[in-house]
Structures are given as structure tokens and as C-alpha cells.
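Below are the chains, spelled out letter by letter.
2 protein chains.
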Amino acid sequence: MDRRTFFKKAGVVSAGAFGTTALAAPAIAQENPKLNWRLASAFPQSLDILYSAGTSIADRVAEATDGNFQIQVYAGGEIVPPLQVLDAVRDDTVEMCYTPSYYYIGQDMTYGLGTDVPFGMNARLKNAWLYQGGGNELFDEFFAEKGLWGRPAGNTGAQMGGWFRKQINTVEDLKGLKMRIAGLAGQVMSKLGVTPQQISGGDVYSALERGSIDASEFVGPYDDLSLGLAKVAKYYYYPAWWEGAPTIHAFSNLERFNALPDSYKRILTDACDAVNLDTLAKYDARNPPALRQLVADGAELKPFSQEILDACFAASKEIFAQISSENDWFKRIYSSQEEFKKDAYLWMQLAEFSFDRYMMIQQRNGNL
Amino acid sequence: MDRRTFFKKAGVVSAGAFGTTALAAPAIAQENPKLNWRLASAFPQSLDILYSAGTSIADRVAEATDGNFQIQVYAGGEIVPPLQVLDAVRDDTVEMCYTPSYYYIGQDMTYGLGTDVPFGMNARLKNAWLYQGGGNELFDEFFAEKGLWGRPAGNTGAQMGGWFRKQINTVEDLKGLKMRIAGLAGQVMSKLGVTPQQISGGDVYSALERGSIDASEFVGPYDDLSLGLAKVAKYYYYPAWWEGAPTIHAFSNLERFNALPDSYKRILTDACDAVNLDTLAKYDARNPPALRQLVADGAELKPFSQEILDACFAASKEIFAQISSENDWFKRIYSSQEEFKKDAYLWMQLAEFSFDRYMMIQQRNGNL
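Residue numbers (the working numbering), protein chains in the order written: chain S, 520 to 887; chain G, 520 to 887.
Watch out, some of these pointers could steer you wrong.
Pairs count within a copy or across copies, as identical chains cannot be separated in the list.
[As the list claims (entries may be wrong)] Derived DSS-like pairs (lysine-lysine); straight-line CA-CA distance at most 27 Å:
1) K685 <-> K850
2) K784 <-> K850
3) K861 <-> K753
4) K553 <-> K861
5) K821 <-> K553
6) K665 <-> K850
7) K784 <-> K836
8) K821 <-> K836
9) K710 <-> K694
The hints are simulated quantities; they were obtained by calculation from the structure and are not laboratory data.
Keep in mind that this is a model prediction, so the values were computed, not measured.
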């Protein structure tokens, strides 16, 4: 796009989005036009890794454009309610947001696949599918239909299954359980007799303490530490089979993104890619000491039993088949993921798995 | 740095590095000064994932700077011999190179830690240590002492252990084996009676065919496929315990990098981070079909035995202790890696390992 088209298109969207300096400056300076965007995060500042992913994108973009492309980041609820940031971007109330797309499965189940679905892929394979297995291209098309541009910009790695007041060994133990768990995972649990509950993170402790819920999933050691749940529900189960590698996206309004100069598109895209890598690194670096602290605080680590995993796996497959029969986009993207992971998990069993397994044995034996 | 300082400093290094257009243009245009750099890759174009990592960095930087910062990429040997590209950058013969630093352990053993050492970390943990565990900061300091700026810009994931003409079950079987294997891994193998050989990739097939070597390591399925080694050494062992996650760096001459405007430093750095993520994704996407092809061509997949891994692990520890006693930089960076991975591999055993293990079982059972 040439600069004339850029300013014309940008003007159609909203002239107010651009500072006046660039418009007043001579043509040669329009290489790096001045922009002031707002990014609404779905996360509070207390979830500091996820919140800071937004500010890290903004910092990188500002530095790469000599301060000409500024993105102001707002925490969830500051200017837009946390579960409505994607709508605000589509409606052009704010230029960008940072959110897991699966908060929007009520609008379209396909949004679930953008973040994670039960028994999906680990972070390595998720990224391989996104960047080199056609995943990002499929979502480019899907998001565009929704008036959005989106790019992966964060991942937590495999999450923990959450905090339980009593031990859960069999599928029978799940029946009647009131658990804070949302989305597709909640639907799977529901098939097994669990009553899914929607409770905000800040209310989980008191709900578990007074017994109005029996269990709650959250994130993983680092984010869970501040909630202090080990005191009220000490059994800390793993893994969150519903979140093997949740991707969080940065979204922009599609017209706004298309109106950017090519250089800004590239700068924003590379910043998102770098932050995707860096966010997972933050979790991997900070989860281990947090885990030690949680165990010191009384958490008892428990793996979900094979019986429970098998039942959840089967229930998930039923739900995926049902959604696929009703939603063409879901079917198309889910099929792409399934096709990719069959061979990917075969390859991962050789060099990767045998290397990791050996290193884990050395860790357990105190040899590292 | 302000623009005046930038041009002054850049001028000290070499005025010829800059095109004349920027210097002739009015001050306002110097925001994106014109630069023409050359990047010497250590890799031939036939290793297309590793070669294209260099061109991907160049493409991203050019697009992000409206074509003002151009990096011309040359394959290994085109303008600099493949094993001398780092020297060429330090000596300012070329502005950048793309190479694993461990090709330079003859100059300083610490370069080995930049890429990978025997029984290091998987790619997730390596990146966590680099970006969030102090790794990049340590190497910034080490590289600066060598007159270099470096940034991780690629990873192959855990490699395969290589091709063997006969089965290797015990440490006794290793004795007298002539194997193409270099660097620290070669030193470890040597302790166990192997005679390490240095042979270029193109000569491996004929060396195995005529029996002048008994085994050869290379990379993994995708890169190994073109060599056709299954026909002459069908036992394909895993994992390469010496390369759990080799990082390849992009390097620049330190003075050249320091003379860049801050915006270009950020653009180049983010491009490297994005390419680090993307290169691993390429391997993870392309290795699985290549593995199937290799097996169809007659490759027999074999895990190294516990006995062999244990002997190699013990020999590696001895070598690390020896080098640490002689080289302060090695000791400092190796200790940082060791400290990091103890807790990291503890945490990886919970959610990640149990999720992956379950998915691998489903893969084996044909349920994916």
C-alpha cells in the first residue's frame, strides 16, 4: 500500500486515531507515521505474566518505531470489561486487545480452537501447527470473517488440573462435584456428572473455604500461588487435560490493521511472535520455585488417574464430533489440528521424549 | 543515542557500510537510515531450514524498515568458509553471520554452552533459561568480550543420535567404533573408546558405504533424509544426548550493532526471536513426514540403551568438571544452566510430562 492509500484508508476508519504531527510533517517523514492505539487486556495486573505480555508488545513496537507507534495498555476492566475486549476491538471501540479467544465460544465454538481444547497439543506442537502447519493461515481467514486480525502472543504451557478438597480417584468420585471450570472443559466435566461453576478468580478461596464449591481450576503454580488455595483445597491435580498449551492472542480491528503501513504490520507481528516465545519462557522460569513454595504450603501433588483421563478423553471426542457436525469452521480447523498432531506425537516419542525422560530420571535421582 | 552520535560512531567503524542516499537526504529522513549489510551463513542452501533462518531475519528486517535496512545472505562458503564466519564478523569482514557458536570451542570452550552441551536441556527449558533465566544476559557479556553481539535465532529440537552400521547395545560395543561426531560429544565418546572423525556432510554416505567409518551423527529426519544413509547404515539411534536443543545464533560485530539506531536494534532483535520460534516450528512440522519416509526406506529406529546413556552421562560430567576448573566463563555459564535445570526438570515432570505421556499413549493406540 502506498502512503496516500494508507492515510486515505486510515481516515475512513477514524482520523482521530492518528496524531496530528505526522499529517502536518513533510511527506518524507510519513515513513513512521504517528499512531496512538489502546490495547484492552483481558487480564488484571495481578496476573502479571499475562498482563505484561501486552505491555511488552507495546514497548517493542514503540522502540522499533522510534516512539511513533504508541500502544497504551489497560488492564481488564479499566476501559472495557475483561470478557468483552474482543467485541470492543471488532466494534472499533479500542484498536487492540489481548485475550484468549476461547472466552468467546458463546459466539462461535471455533474461538475455542484458537486457545486450546481438551486433549490438544503441547506448546511445541501447537506452535508448529500455528506457524508451519497452516494454523495461523486458517485463523487469519476465520478472524477476518469476524472483522479481526489476530496473532499468537503468549502461552502458559500445560496448566495444572486445579485444587480439590478431597481426592478424586475414579469417575464415580467426579459425580456431583461442584467445580469452577468453564468452556469446553466444563462441558466435558458435565458429561461425567460434575456441576461446572463460573466464579471469578478473586472469589475462589472463599467459595472453597465455605464449601460452596469442591474444586477449582486456575492456571499453574506461579499464578495460583497468590490465591493461597493450598489452605482450603490441598489436593493439587495435574495435568489440565483441557489446557495442554493455551495460546493467548493479540487482536486488532481488521480495518485498522489493514490500514497500517507494511512496516508497522511487520513490526507488530514480530513483536507478537517474540512475546509468544517470551511469555512461555516466563512461565517455565517462574513455575518451578512457585511449585516448591506451594508444596511447602501444604499442597499435595496428585496425577489424574488413567480411568478419569480415559473417560474425559472419550467425552471430549463426543463433544468435538457434535460441534463439528454443526459448525463448518470448527470442523475445518479441528480436522487440521487432529491431522497434524497424529504424526507430530509419533515423532515426539523418539528423540524428544527419550531425551526428556532420561533427564527427568537424573533429576529424580539427584544427579543434575 | 541521538542521530548525530549514531552517524559519528557508524562513521568510525566504516562509512562505506551506509548507502549514500540517507546521508544526502534531509535530517528528518534519517529516522530509517539506509544500511546494506552482509550475513554469512554457516549452512549450505541444501540445509534449507537452517539456511532460510538467515534469509527470514533479513526479510523481516527489510520489511520492518521499509526496505532501508537490507541484509544480503550468503550460504556457507560463498564469501566466507562456513567454519570461519564468526571470525569474519569479529574482524568486521562481514557485518553478520548465522552459526552455532559451538563450532568455535577450539577458541573458547564457553562457545559450546551457547549452542548445546551433552545432557543439556530441551528446547522449552533452553529458551526459558536464555530469555528468563539470565542466559542471554550472560552471553551478552561473554560475546561482548569477544567483540560480538549475538542473539538466539533458531533451534532444531532434540536431534537423532545418528546412523550406525551395526547395533550398539553396550558400552563394550562402542569400543573401537569410528564415528563422525565432533566437539564435546566427540570428547565424551572418545572417553568410551570411540574414535571421533571429522567428515563433511556430503562425504558421509561414501565413508559409511566403504566402511571407513562405522557411524555418523547428523541432524534429524528432515535434514538426514537427503543423505540417504538408511541404505548404508540402517540403525537410526536416538536421542542425540549431546544435542537436546541446539540453539543457533545470529551474530553481529559488536561495534556495528552498537552503532545502529535503537529502533534497528529492536527490529533486528525481535526478528531473531521470531525466527527462533519459527525455525523450531519448521523442524517440528517437517520431521514427522521425513521420519515416515526414512522408515519406509529401511531405517530401523533404536533407542540408546540405559547403560550407554549412563556411561555417557558420567563421562560428560567428568569433562564439564575438567573444563570448569580451567575456564572461568565456562564455569559461570555452565553453573547457571545446571542450577536452572534442576528445578525446571522437576516442574516438567508434572503437568507437561503427564499431558504428553497421555497423548503419546493415545497416538500409539491409534486414538488421535
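Hints violated by the structure (numbers, ascending)
Violated hints: 1, 2, 4, 5, 7; rest satisfied.
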